[in-house]
Amino acid sequence: MRRALAGLVLACGLAASGAAPAQEVLEKRVFEGGAYQTRGGATIANLRIGYQTMGRLNAEGTNAILICHFFSGNSHAFGRLSANGPAGYWDAIIGPGKPIDTDKYFVVSADTLVNVNVPDATTVTTGPASINPDTGRPYALTFPVVSMRDFVESQKRLLDSLGVKRLALVAGPSNGGLQSIEWAAAYPGFIERVMPVIAADIDAWMQGWLDLWESPIRLDPNWAEGNYYGPGREPPLRGLAEAWKIVTLHARDRLWAKQYDRRVPEGQDPARRIGDRFAIERWLDDAAAARARTSDANSFLYMVRANQLFLNEYPSFTAALAGGPARWLVVSAPTDRVFLADGVRDFIETLRGAGKQVETAELSGPLGHLNGVVGMGPVGDRVRAFLAQ
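So the sequence shown is residues -22 to -1, 1 to 367, counted in mature numbering (1 follows the signal peptide of the UniProt record, and there is no 0).
Please note that the accuracy of each hint is not assured.
[Said to hold, decoys possible] Keeping only pairs whose Cα atoms sit at most 25 Å apart, straight-line, the calculated SDA-like set for lysine to any residue is:
#1 Lys6 with Ala37
#2 Lys6 with Thr40
#3 Lys134 with Gly12
#4 Lys236 with Gly355
#5 Lys134 with Ser294
#6 Lys134 with Tyr165
#7 Lys6 with Pro74
#8 Lys134 with Phe168
#9 Lys134 with Thr296
[Stated by the list, open to error] Derived CB-CB ranges, DEER-like:
#10 Gly186 with Ala363: 36 to 44 Å
#11 Ile252 with Pro293: 48 to 56 Å
#12 Asn36 with Thr338: 25 to 33 Å
#13 Ala297 with Gly343: 29 to 37 Å
Since the hints were derived computationally from the structure, they do not count as laboratory data.
Being a predicted model, the structure only gives us computed values, none of them experimental.
Just so you know, even glycine gets a beta-carbon here, dropped at the ideal spot from N, CA and C.
Generate the whole structure from the sequences, applying the supplied hints.
This is the structure in structure tokens:
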């Protein structure tokens, strides 16, 4: 089961990496941001997010790099949080002497608002499971809607508190790639380079997919319109598991699934009993059920909405990118089933049409979308060269 969980990343699952060992144990810190007004005009009484850093900020505050995490990830992009703990999901390319060289750069990664990993002690976030100081109870669905831009603004407060004056790079996979693009639109003069990985526009087609991701949660009677936090109430684990199951398969490729072709678990006979399962169904059931126990259903809904609100303050995708930074490295996976190849091409064409200097790199491997989370090692030289320009 632990091995299954280690692979359940996407936008879905726990971060893992088969890369070289991390170089050091890092401290997870907490940023207390005070009262925060969302882009929608509501107020969050106390913004709190966790973060980690590696490297040293220079006197000018200009050698910082921000790494934004994927849908179900957290700040653990590099290093280890304990001596025997797992390495961060991008540890293959972040660290001393690595392509994102922490001997040169001050690298920061932060948990987002409404992070789904509420039960995880290494995740610090403010969201629907947080205590509303006015009531002494979890916010549940009274928590304000937050957008991708709110993720950016909370991170900007953190960077300001650390003394960062300019970002040499903002980067991240999937939801992290979307945050990178949102950063470029919001603060073009603050950023030198952008590296979105396995990400493109959230158009109506993708908004529809996001609705499918979350719909099983709303159908679970235990969800109770979001009011499941009280004593004696059961969280909507069944609906949340079904949601993770959709996301998990969406994030993987047919090549990965071939290992289950025509396989049936011992004791199962789907040809004779309608309730019996094929091997792929059993794997998805087990992995998604385990993932549901380590996440929060309401936070999943809020994270979906933040993704649906990607660049919502601009009249169009083209308008959002018009004034952004000049230098981009767009990293895609040809077998990505979440951000399809034609959408990535449209994204690149939009950037070039806006006069940006755009480089591209492709990731190979059997994991489809997830290649951008756990498979960055092979494009490390491209990342190093991009930073050196």
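For each hint, the structure was consulted:
no., hint, verdict
1, Lys6 with Ala37, "holds (23 Å)"
2, Lys6 with Thr40, "holds (23 Å)"
3, Lys134 with Gly12, "holds (13 Å)"
4, Lys236 with Gly355, "holds (24 Å)"
5, Lys134 with Ser294, "holds (23 Å)"
6, Lys134 with Tyr165, "holds (9 Å)"
7, Lys6 with Pro74, "holds (19 Å)"
8, Lys134 with Phe168, "holds (10 Å)"
9, Lys134 with Thr296, "holds (23 Å)"
10, Gly186 with Ala363: 36 to 44 Å, "holds (38 Å)"
11, Ile252 with Pro293: 48 to 56 Å, "holds (50 Å)"
12, Asn36 with Thr338: 25 to 33 Å, "holds (30 Å)"
13, Ala297 with Gly343: 29 to 37 Å, "holds (35 Å)"
Hint compliance for this structure: no hint is broken.
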